Amino acid sequence: MSTRTIKVDYLARVEGEGALEVKLRGDRVQDVKLKIFEPPRLFEGFLKGRDFREAPDITARICGICPIAYQMSAAHALERVVGVKVDPAVRMLRRLFYCGEWIESHALHIYMLHAPDFLGYQDAIEMARDHKAAVEQALRLKKIGNALVALLGGREIHPISACVGGFYRVPTKKELQAIEGEMKWALDASIQTARFVAEFDFPDFEQEYEFVSLSHSNEYPLNEGRLVSNKGLDIDVAEYEEYFAEQHVKYSNALQSQIRKRGAYLVGPLARFNLNFEKLPDAARRTAAYCQLKPPVLNPFRSIVVRAIELVFACEEALRIIREYEPPAAPRVEVRPRAGTGAAITEAPRGSLYHRYQIDADGKIISARIVPPTSQNQKRIEEDLWHFVPQIATKPVEEVTLRCEQAIRNYDPCISCATHFLKLNVVRE
Amino acid sequence: MRWLIIGCGNDGRGDDAAGVLAVRRLRELGVEAREHSGEALALIDAWSCAERVILIDAVVTGAEPGTISEWDAATAPVVRDAFRTSSHSFGVAEAVELARALDRLPPSLTIYGIEARSFGAGEVASVQVASAAEALADRIAKEIGECTNRD
Numbered sequence: 000m001s002t003r004t005i006k007v008d009y010l011a012r013v014e015g016e017g018a019l020e021v022k023l024r025g026d027r028v029q030d031v032k033l034k035i036f037e038p039p040r041l042f043e044g045f046l047k048g049r050d051f052r053e054a055p056d057i058t059a060r061i062c063g064i065c066p067i068a069y070q071m072s073a074a075h076a077l078e079r080v081v082g083v084k085v086d087p088a089v090r091m092l093r094r095l096f097y098c099g100e101w102i103e104s105h106a107l108h109i110y111m112l113h114a115p116d117f118l119g120y121q122d123a124i125e126m127a128r129d130h131k132a133a134v135e136q137a138l139r140l141k142k143i144g145n146a147l148v149a150l151l152g153g154r155e156i157h158p159i160s161a162c163v164g165g166f167y168r169v170p171t172k173k174e175l176q177a178i179e180g181e182m183k184w185a186l187d188a189s190i191q192t193a194r195f196v197a198e199f200d201f202p203d204f205e206q207e208y209e210f211v212s213l214s215h216s217n218e219y220p221l222n223e224g225r226l227v228s229n230k231g232l233d234i235d236v237a238e239y240e241e242y243f244a245e246q247h248v249k250y251s252n253a254l255q256s257q258i259r260k261r262g263a264y265l266v267g268p269l270a271r272f273n274l275n276f277e278k279l280p281d282a283a284r285r286t287a288a289y290c291q292l293k294p295p296v297l298n299p300f301r302s303i304v305v306r307a308i309e310l311v312f313a314c315e316e317a318l319r320i321i322r323e324y325e326p327p328a329a330p331r332v333e334v335r336p337r338a339g340t341g342a343a344i345t346e347a348p349r350g351s352l353y354h355r356y357q358i359d360a361d362g363k364i365i366s367a368r369i370v371p372p373t374s375q376n377q378k379r380i381e382e383d384l385w386h387f388v389p390q391i392a393t394k395p396v397e398e399v400t401l402r403c404e405q406a407i408r409n410y411d412p413c414i415s416c417a418t419h420f421l422k423l424n425v426v427r428e
Numbered sequence: 000m001r002w003l004i005i006g007c008g009n010d011g012r013g014d015d016a017a018g019v020l021a022v023r024r025l026r027e028l029g030v031e032a033r034e035h036s037g038e039a040l041a042l043i044d045a046w047s048c049a050e051r052v053i054l055i056d057a058v059v060t061g062a063e064p065g066t067i068s069e070w071d072a073a074t075a076p077v078v079r080d081a082f083r084t085s086s087h088s089f090g091v092a093e094a095v096e097l098a099r100a101l102d103r104l105p106p107s108l109t110i111y112g113i114e115a116r117s118f119g120a121g122e123v124a125s126v127q128v129a130s131a132a133e134a135l136a137d138r139i140a141k142e143i144g145e146c147t148n149r150d
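Residue numbers (numbering that gives the first Met the number 0), protein chains in the order written: chain L, 0 to 428; chain U, 0 to 150.
Hints listed in this document are in silico derivations from the structure and should not be mistaken for laboratory results.
From a predicted model like this one, the values you see are computed outputs, not experimental measurements.
Nothing false has been slipped in among the hints.
Here are a few chain L residues that face chain U, going by a calculated C-beta distance under 10 Å:
#, residue
1, GLY63
2, MET111
3, MET126
4, VAL134
5, GLU135
6, ALA137
7, ILE156
Just so you know, even glycine gets a beta-carbon here, dropped at the ideal spot from N, CA and C.
If we strip away everything but chain U, and leave its shape as in the complex, we get (with noise of 0.2 Å):
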């Protein structure tokens, strides 16, 4: 099973880090994982050759900051509204309905979201959102590992 684990984001932009501080936990944690500035066009690229694609990114659907939300994006469409914390016209959202338009989504392609709230240039991330990006990675981790020993 080819993997890949992508997490997006912006460590210069307070909450938007939450992709990128998921990914540099997992490769704590011996886990390949790749940091990605969420451009769409590069994101069908990167998920060309790859069976079962994770993605990270911030999100905001009102929820508490640190809620993670998880979204099957292979069988169905995810919420645009909640990926337009890019200021870039084309982000996660639009990368993952094009490569649907395109049949270019990967067979299984698992997004969570993590709640974030503050996005002020040059900030950290809140408590809240680098705990739960540190959780989901953990989480992440774990059930890689039960995948691949099964495999």
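Pulled out of the complex, with its shape left as it was, chain L reads as follows (with noise of 0.2 Å):
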């Protein structure tokens, strides 16, 4: 039987370093392997003695890019543990911070990462030249996210003011009716984004997913409620390591997170969609249906919608949120150290962010877990490549690499999180 080898040295439009390699023998797959050889960035390992209020300044560090997701896991995780429960309006900013950290994230990945892909653009600088006025509304979608992030953060990247119990400083109420008219225009412009992706040309793929996320009973999900899929599970997020195991695989750095006993499973925009579609207010859910767009939705290159609607409802959210705030009495309830466990989950832009830490009696952190949302879509990546090479396996290799990184990037991978660049090499035998 013929063989073929596919090899791409770089694959741009991920965040981190890594590789991926299919094996082809003729058009069928032997063998997917996602690698990751950032090496380990050992962020459990040097939480290990250190105050518990520190975790979320040093967990934001494991990220540029979902900074919030780090600080939110971190600070809901050790509150529960020392048990302190935040003012409403406290937790009210919390989302707002959240929505912050979505709509930048969300409008990158969107815009600059993965519309080139269905556009047939080599990346956004070529974009840039034929889209101009839609590369210009990323642009100004990611500064308000971005400024948003730093009213409430300090600074936008790495931002320093949340903290367990809190935040060390709250904003005013005219500091938030300041960018209520931004984020007007923000509403206005994710809308047109959900409109413009939905019009792109989407290949025929359908998985049988097990979607996982958080579910909230009155609210999309970003800091709280259980953990949910489709397939029945239902727990509290206390339990994620009795139903969720992680396994090391020798060709990659990054932990694979598997559902035990079921295997892969999905986290992000996609299964929050799923799972938590009627809770999306009025104007997301306008625009999903504008955009025929209904749970379940199952191709994974749709996720650009979903991602679009998420975009939407964290503008609507904020929007809301900016509307109705009043200030807190305090900025953060005062916590103490007390000897326990706690876990927390929230949802970061690219999926669910599960941490646990155990601390003393002194304060000190005898010991951190964390999963990021890219540990955990892994296996799933790997798999849509099983079942979706075989339907580009005949076209020439050039076609079969772009839809394999196009296929990847619906996941927004953050490998930087997981442990950093993607390498691809397509073999085939």
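Since each chain comes alone in its own frame, lean on the hints to assemble the complex.
Take a look at the structure:
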């Protein structure tokens, strides 16, 4: 049987460093390996012995794209350990803070990282020459997201204001009102974004997924909720490790997460949308209807449209919180150390982020466990490729390679979080 | 003339600190300069109100470490491969070319590249790169002083 070797040394438009190898014999897939060769980052190790109040700032350094997710998961987990509940206004500010991260991250991924795949451009720069208005829109959307993060977090990258118990500083009503006008623009722009990407051509590819996300009784999930799936999972986040296991594979420095006895699963926009559609506020639901998008969405390539719906949601929710905001009596509640263990999951832009901490009576961290979304999606990405590559195997090497990259970008992988570039090797034997 | 001097890099990744070291030296010399992560979209935003921008970053062109290259980015495309010292997808070269596509380049954009070789995590910059950063900062401070005096 004829063998072919397709080799790509650099996969751009993902966050971090890794490689993909696809082996084909004729048109049959022999092997798929998502290799993350970024050295292990050892955060769980060097959290040991640190004061529990340091965890949100230390873990925020794991990622420049989603530091808020790290701060939120850490703060919630540790608040569970020490038994504090934050002021309702602080809770809303945390939601607003998270909306800022979703807006900047989703706008970046939709326009700059993923859209060029659908429109046939090598990258966003080439795309910008023909789609100037769209790229300008992306830049402004991202800037608004960044502004929200800087307002609540003190600065855009690796914000410093969130803490166990609340924030070191909360904004004044006037400060939030000052960005209301831009946020109204952002809501309109996000709706246009969804309409724009909904017109793309999508490969005919659907999979039977186990979708996993937080689910809250009356909110689209960000910070709180039970962890649920479309296959019957419904657990408190504290039970996470009973149901999920991480596995080391020789070729990757990131652990692969699986649901015990069931295998790969999917976290992120597709899972959240499919499991929480009815919790989306009006504009997001109307936009989904306009885009003819209803759950369950089983085509991972349509995740770009779902991500745009979540962008609408994030702008809509941010606007609501800004309008209703009354500053809390105090920016944070006092936290005193107490020996114990606590876990939390919050919804990073690219999926559920699990943190668990054990601390001693003096507040020193005894152990920490972090399971980022890309670790959770890693196996599922490989499985998508096992099934997707045969559909396109007869196409020229360049086309196969491009489509594989596009399929990986469906997941907006943050390889930096999972342990950092993706090199792609398609080997035909 | 609205000047903006930006130095990009990471001082925890060996020679990648080149731009940041130059900025710190400029500040010692009393010249206002900004450290920057090098993230493309933020860069475009940063130079949107400036008329004359100087950007300093580590580059890899194959020359000896510490060698200084200069590009007039406002008039000609930059060599994208030289700036692939970021592990992120959008860096300095992408910022320049994206800004060019969007007509958002400043009227004047000079890029100084300091040749780098080692980018090890937790390492400090090599002597050659640190010296080059200092020498470049001294040169820029002098040029700005002369321009300001003329203005």
